[in-house]
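Student: Line by line, the protein sequences are chains R and E.
For the first sequence, the numbering used here begins at 2 and goes up steadily by one.
For the second sequence, the numbering used here begins at 3 and goes up steadily by one.
No wet-lab data here; the hints were simulated from the structure.
No experiment lies behind these values; they were computed from the predicted model shown.
Any given hint could turn out to be false.
What the hints assert, rightly or not - Have a look at the derived ranges for each label pair, beta carbon to beta carbon:
#1 Q135(E) <-> D196(R): 27 to 37 Å
#2 D74(E) <-> A153(R): 43 to 53 Å
#3 T207(R) <-> S154(E): 43 to 53 Å
#4 A153(R) <-> S154(E): 48 to 58 Å
#5 G292(R) <-> R181(E): 18 to 28 Å
#6 T158(R) <-> T179(E): 20 to 30 Å
#7 S34(E) <-> I395(R): 17 to 27 Å
#8 E337(R) <-> S34(E): 39 to 49 Å
#9 E255(R) <-> T179(E): 30 to 40 Å
#10 G183(R) <-> H56(E): 20 to 30 Å
Unchecked claim - Under 8 Å between C-beta atoms, here's a sample of chain R residues computed to sit facing chain E:
#11 R12
#12 P24
#13 D127
Glycine is no exception: its CB is placed at the ideal position from the N, C-alpha and C atoms.
Listed here are the chains, written in short residue letters.
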Amino acid sequence: MTNDPIGDALRRKADEVGDHDHPLDLDDVKGRARGIRRRRLAVSGLAAAAVLAVATPFGAALDHRVTGVPAPAASGPTTPDAGDPAPRDGVLTNQVDAEGRPPGIPYLLDGTIHTTDGEKIPVEGDYAELVALGDGWVASDYAAGTVDVLDASGGITRTDEATGPLAVSRDGTVAAYATPRGELMTVAVDSPAGDPRLLRLEAGGTAPERVQPVAVQGSGSCEAADGDGCAVFFNGEQDLVPQAFSSTSGGVTEAIGNLRELGGVSIEGPVTGTTSVTDDGSCSAMWDRAGDEAWTTCDHTLGRFSPDGRYVVGHPAYLDGLGDPSVAILDVASGEVVAQWQSTANSQALINSAAWDTDGTLLATVWEEDTWSLMRMSPDGSLRTVLADLGGDIEDVPLHLATRP
Amino acid sequence: VTVAGQVAEQVAVPAVQTGVVAVTRDRDAEFSDYMAARQPSLLRTAFLLTGDRHTAEDLVQTALAKLYLRWDKVERLESIDGYVRRILVNEHSSLWRRPWKKRETVTADLPESAIEPETDPGGPDTDLWSFVQTLPRKQRAAIVLRYYEQLSEAETAAVLGVSVGTVKSQTSRALATMRSRADEIAHLSPEEGR
Chain R
2 MTNDPIGDAL
12 RRKADEVGDH
22 DHPLDLDDVK
32 GRARGIRRRR
42 LAVSGLAAAA
52 VLAVATPFGA
62 ALDHRVTGVP
72 APAASGPTTP
82 DAGDPAPRDG
92 VLTNQVDAEG
102 RPPGIPYLLD
112 GTIHTTDGEK
122 IPVEGDYAEL
132 VALGDGWVAS
142 DYAAGTVDVL
152 DASGGITRTD
162 EATGPLAVSR
172 DGTVAAYATP
182 RGELMTVAVD
192 SPAGDPRLLR
202 LEAGGTAPER
212 VQPVAVQGSG
222 SCEAADGDGC
232 AVFFNGEQDL
242 VPQAFSSTSG
252 GVTEAIGNLR
262 ELGGVSIEGP
272 VTGTTSVTDD
282 GSCSAMWDRA
292 GDEAWTTCDH
302 TLGRFSPDGR
312 YVVGHPAYLD
322 GLGDPSVAIL
332 DVASGEVVAQ
342 WQSTANSQAL
352 INSAAWDTDG
362 TLLATVWEED
372 TWSLMRMSPD
382 GSLRTVLADL
392 GGDIEDVPLH
402 LATRP
Chain E
3 VTVAGQVAEQ
13 VAVPAVQTGV
23 VAVTRDRDAE
33 FSDYMAARQP
43 SLLRTAFLLT
53 GDRHTAEDLV
63 QTALAKLYLR
73 WDKVERLESI
83 DGYVRRILVN
93 EHSSLWRRPW
103 KKRETVTADL
113 PESAIEPETD
123 PGGPDTDLWS
133 FVQTLPRKQR
143 AAIVLRYYEQ
153 LSEAETAAVL
163 GVSVGTVKSQ
173 TSRALATMRS
183 RADEIAHLSP
193 EEGR
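Only chain R is shown next, with the shape it has when bound in the complex (with noise of 0.2 Å):
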C-alpha cells in the first residue's frame, strides 16, 4: 500500500484484467480500421451519381462553387460557378469559396456566446452546448457535468448537475436536462421560484434509466396545474432496452410506440426516430401527426425538422463516435432525398453536428484538412462556408450551435 490509496485501489480494479490478457488480434483493429475509414469515404461512384441526380431538380440553378483549394478568409459572396471545369455537386467538403451569411442562431466560440445581434457575450463555463432560454440562456459544461443557467450577460445564476444533452420549447420558454441521477429537470422562463423542476417519470411501473431530452412541447412555467403544462420527449432505457417517451408535467409518462430513439419533434406533430439498429446500419420512421407510420428508410438517421416543418435532416444510417460522413436533407412529406452532401476520398469530410438555421437552412460544422468549419446548406443543393478555419482537433470541435427545438 503506497500512500495514494485511490490509486491503489484503482490498481487492484484494474487488475482484474490480466497482464496477458489479449483480447484483440491484429485482424479485429484492421477490420475495425476499414469499418471507420470505409464510412469516411464516398460510398460509391454510384452514390456520387445518385445525389447528383436528386440535387439537380432543385439545383437548375445551382450557386455555389466547390474547389479543391482551401477557402481563404471570407472575401465577400461569390459568383456562380460558371468557370469551375470540375464541379463537386453533393460533395461534403469545407473547402468551399462561396460566402454564406452569418448563422440566425446563436453559437458558442472560444469561450463567447455569438448572438443573431451580433453581441458577443463571455461565459467562464466551459461549455459544449447551449439553448437560448427566454432573455438568458442554458449551457452545458460536459467537462464539470453541470448545466449552468445564465443571465442575459452571462452571469451564471444557478448551477445543477447534469448529464447529456439540452432541449429547449419553440419559444424558448422552457428548457429540460438529465442529471446524473436519472432525473428530468425543466428550468421555465416563468417559473413561481425560477427553481428547476423535476418531471416525475415513471412508465410501466418501472422509471426509464438514463434519460436524455430531445425536444419540450410548452411554455410558461410548466406547471400542470396553471394550465399551461409542458411535455417533454425523451430518449431512455427501461430493463436495458433502448426506448423513446414523452413525460407530462402532469406526471403522464408514456413510452413511445417501437421507436428506440427519438431524431426530432415538430410542433406540427410529425416525429422521427429509429426503430431498429443493426453493426452497421439502422432504420428510421417518419410518424405523421395522427402517429401513423408515414414511411421508413434505412438510409439515414432522422433528426430535427426544419423550422417550417418541411424537410428532416437524415444523418447516416450508421452513426459512431467519429462524426458524419454525409449528411442529407429529406422532404417530410415523400420521404424523398431533395439534397445530400457526401465526403469523398479527396475531401475525407466529417461533420460534428448540424442544426436547422431560422431560414430552413442546414448550418453544420465540418472538419477537412486539418481544420473546423462552419458551412451553410441548402434544400437546393447549395454548400456555403460561414466560418472558415475555426481550427480545434478533430476530436474537439470550437464552435458549437445552439441547440434549437
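Take the given structure of chain R and dock chain E to it, following the hints.
Tutor: Same frame as chain R, now just chain E:
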C-alpha cells in the same frame, strides 16, 4: 515518464531513430509489436473509464483502429500512449457528448453489468469503484488519469484537451463528493495536488 510511456518508447523509438527501419519494417509487424506490448494496459485503462469489460474492449478496438489509420504519422510522436489515451477518453466522451451516437455501446443485447470483483466483495474497493462509476465521464477520466495512470495535472489536461484549471476543478469536485460519503470511503481520500 510512466511505465506505459517507457514501453511505448521501446516500441517506437527504434523506428524513429533509424529512419531506414521506419521505412522498411513492415507496418503491420510494428503495429503488432505495439499491440502485444500495450493491449493489456490499454484495456485496463478503458475498463476503469467504462466500467465494464465488453465496452472496454470495444473502446480499445476503436482506439487501436484509429491509431492504425494514423500509424505512419503517430509513430513519430513522442508518446504513442498519450495519443491513444486521448483517443480512448475522447471516444468514450464523444459517445456521451453525442447521445445519438451511443448505439455502439447502448444496444438491447449488450451486457451492461460490470465485472464483479473476485475478492473483497463489499469492501472499500467496491465502495470506491461504485463511487467512481457515478462520476460524470470527464470527472472519472480525470480521476483515472491522475490516480491510476499517475499523470500530472498538466499531462491529464493535455489528454482531456482541457485547461489545468479544469483538471483541478474536476478532481476537486470528485474528491469533495467522495468526502461527502466519508463513512463509506473516507479512508481512501488522498492529498490533493501533486
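Student: Just to be sure I understand the hint, the distance between the Cβ atoms of G292(R) and R181(E) should be within 18 to 28 Å; is that true here?
Tutor: At roughly 50 Å between Cβ atoms, R181(E) and G292(R) fall outside 18 to 28 Å, so the hint is violated.
Student: Quick check on a hinted range of 27 to 37 Å for Q135(E) and D196(R), using CB atoms only.
Tutor: holds (29 Å)
Student: T158(R) and T179(E), beta-carbon distance inside 20 to 30 Å?
Tutor: For T179(E) against T158(R), whose Cβ atoms are near 23 Å apart, the range 20 to 30 Å holds.
Student: The hint says 48 to 58 Å between A153(R) and S154(E); measuring C-beta to C-beta, is that right?
Tutor: violated (39 Å)
Student: Is 30 to 40 Å a correct range for the gap between the Cβ atoms of E255(R) and T179(E)?
Tutor: Check passed, 34 Å falls within 30 to 40 Å.
Student: Would you settle whether the hint for R12(R) is holds or violated, based on the nearest Cβ-Cβ distance to chain E being less than 8 Å?
Tutor: Constraint on R12(R) satisfied, holds at 6 Å.
Student: Falls inside 43 to 53 Å, the C-beta gap from D74(E) to A153(R)?
Tutor: Once the Cβ atoms are compared, 50 Å apart, the range 43 to 53 Å for A153(R) and D74(E) holds.
Student: So does E337(R) sit 39 to 49 Å from S34(E), Cβ to Cβ?
Tutor: holds (48 Å)
Student: Given D127(R) as an interface hint, is the shortest Cβ-Cβ distance to chain E below 8 Å?
Tutor: Where the cut-off is 8 Å and the nearest Cβ of chain E is about 6 Å from D127(R), the hint holds.
Student: Between G183(R) and H56(E), does the C-beta distance stay in 20 to 30 Å?
Tutor: Cβ of G183(R) to Cβ of H56(E): about 22 Å, so the range 20 to 30 Å holds.
Student: Is 43 to 53 Å respected by the C-beta to C-beta distance linking T207(R) and S154(E)?
Tutor: About 44 Å separates the Cβ atoms of T207(R) and S154(E), which means 43 to 53 Å holds.
Student: Hold the hint about P24(R) up to the distance rule: shortest CB distance to chain E must be less than 8 Å.
Tutor: Constraint on P24(R) satisfied, holds at 5 Å.
Comparing the model with each numbered hint stated earlier shows that hints 4, 5 do not hold.
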